[in-house]
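Visitor: Letter by letter, the chains look like this.
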Amino acid sequence: MTDNDGQRFDRLPATAADREVTGRASRAEVIEWWVDRFGLPDDTFDGFTFWEKGAGKIWIFASDLPSPTDVEGLGMTFLRTRQEHWKPTTNAVQRFGREASRNVIELAPDAARRFLAGEDLEPDWDGDWGYLIVAHELAGGVEPIGVGLYVHDELRSVVPKGRRASLSPPE
Amino acid sequence: MTPLERYESLVDDPDAFRAACDRPLPSVVRVNTIKATVDRVRAALDAEGVAHEPTDWHPDVLRLTDDSPGHNWPHAHGWIHGQEEVSNLPAPILDPQPGDRVWDACAAPGSKTTQLAALMDDRGLLVGNDNNLGRLSALRHNAERLGVTNLVVTNQDARNFSLKPLGEGSDDPTAVDAFDRVLVDAPCSCEGTIRKNPDAFDTWSLDHVHSVAGVQKGILRRAVQATRPGGVVVYSTCTFAPEENEAVLDHVLDAEDCRLVDFEAPLDGVPGVTEWEGEEYDPSVEKALRIYPHHNDTGGFFCAKVEVGG
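As you go down the protein sequences, you meet chains A and B in turn. So for the first sequence, my numbering puts the first residue at 1; every next one is plus one. So for the second sequence, my numbering puts the first residue at 1; every next one is plus one.
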């Protein structure tokens, strides 16, 4: 087993049995996590490749390249591993979270605006603790806004500062 | 002489040209079809009381009549992206297809890059390159907000761009040895953005025009070299200077195996100019498109389509 080189993109091993880098998540584990936690269809990530660059930072890429690859970015940042609870990125949840059927909390309009602005909330929720997909109703569908951390009856907004916004209510 | 006076001999209606350059630009957004449809965006804007109207040439481009593009739910979801109307032109002219291998040589901050990704349905390989590391963070931020997953970001000087990080020369089946299509939206003197940036002329000088033209020639030559025979390169700038437009094409036509081709332009414009200040250019530069601000009430723009070798 070798250590992770945080400066380059390495492809995730297909399964835990193929692992050569200590602590690296496998493709199978990453897909299983999204399917188990959020109820996404099994085939959601067919055709995508998964890569690690940085400690536990997993990237999803719609194409393929030889591994390792020395570039600045490869697809989209997708998931944080190498910590006690894996954490999806806001952008991944917005891109793939529409198909989620579990651990999705739907907020009313005012709460949705406060969540986007970075405020913590105390919604009614009797499901799992941990990272949830936070969504609201928009233009005829339920749309994921980002990631919330539900602990001790509180929903913490983990929308990154660069994606927070203050929206005024409709007139 | 201001930069604009310099071009009045080229312009079909100098009074209308001057008047348009003095007007501010309307706020325009592009619908990001990776995440949303035009209908859904319009419904969401309506629900928030944000006035909007379609453009007559591009179904994905909307004018917001009295709002900024950044403070509404569609923006927070990455359904829309603020992008000047005329800047939406080169990507559909390049016409990338899902599965293509595409290089955007001067990509940051990524409006056209993300538009290329949307035209590709976020499939295939899109390389977004920029020589400025600081501007690359804006490119990455925009690409991630819009949900782009087929983008490789590189930080190289496009004039000697290397395909080695993409596996060139290896026997790996996923290695990239050439691109199908390349966009060169070149760094330029930005005269055409005067309606958006009233201080665009503060740093203007003829020396700067000549210096940036040298860079443009180098980038366009490398783009042609990195494209497979039969592939397409689109060259665009937001400037009026023939030194940065037709003269650059003339140079590259002479130096590389390529030719200019006709294209359908959904916006009004006039052909490229074949002579300027005593210089004559290859007659085929007429196939290029010059867009002045009064033609479509947009910024100024230049665009040409190049077919490579073969």
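Keep in mind the hints are simulated off the structure, nothing from the lab. Take the hints with a grain of salt, since some may be wrong.
DEER-style ranges, computed between Cβ atoms [said to hold, decoys possible]:
| no. | chain 1 | residue 1 | chain 2 | residue 2 | range |
| --- | --- | --- | --- | --- | --- |
| 1 | A | E137 | B | D121 | 25 to 35 Å |
| 2 | A | A165 | B | T203 | 41 to 51 Å |
| 3 | B | S9 | A | K57 | 17 to 27 Å |
| 4 | A | E154 | B | H208 | 34 to 44 Å |
Rough simulated footprint, nothing fancy, chain B against chain A, three-plus residues with beta-carbon under 8 Å [what the hints assert, rightly or not]:
| no. | region |
| --- | --- |
| 5 | 11-21 |
| 6 | 120-133 |
Once the Cα atoms are required to be at most 20 Å apart in a straight line, the calculated EDC-like pairs of lysine to aspartate or glutamate come out as [to be verified]:
| no. | chain 1 | residue 1 | chain 2 | residue 2 |
| --- | --- | --- | --- | --- |
| 7 | B | K164 | A | E84 |
| 8 | B | K164 | A | E106 |
| 9 | B | K164 | A | E154 |
| 10 | B | K164 | A | D64 |
| 11 | B | K217 | B | E243 |
| 12 | A | K87 | A | D70 |
| 13 | B | K287 | B | E307 |
| 14 | A | K87 | A | D64 |
| 15 | B | K196 | B | D39 |
| 16 | A | K87 | A | E154 |
Beta carbons: idealized from backbone N, C-alpha and C, even for Gly.
Visitor: Each of the hints needs a verdict: does it hold here or not?
Guide: Verification of the supplied hints:
| no. | hint | in the structure |
| --- | --- | --- |
| 1 | A:E137 with B:D121: 25 to 35 Å | holds, 26 Å |
| 2 | A:A165 with B:T203: 41 to 51 Å | violated, 32 Å |
| 3 | B:S9 with A:K57: 17 to 27 Å | violated, 55 Å |
| 4 | A:E154 with B:H208: 34 to 44 Å | violated, 55 Å |
| 5 | 11-21 | violated (count 0) |
| 6 | 120-133 | violated (count 0) |
| 7 | B:K164 with A:E84 | violated, 37 Å |
| 8 | B:K164 with A:E106 | violated, 46 Å |
| 9 | B:K164 with A:E154 | violated, 49 Å |
| 10 | B:K164 with A:D64 | holds, 15 Å |
| 11 | B:K217 with B:E243 | holds, 10 Å |
| 12 | A:K87 with A:D70 | violated, 25 Å |
| 13 | B:K287 with B:E307 | holds, 12 Å |
| 14 | A:K87 with A:D64 | violated, 24 Å |
| 15 | B:K196 with B:D39 | violated, 28 Å |
| 16 | A:K87 with A:E154 | holds, 17 Å |
Checked against the numbered hints above, the structure breaks hints 2, 3, 4, 5, 6, 7, 8, 9, 12, 14, 15 and satisfies the rest.
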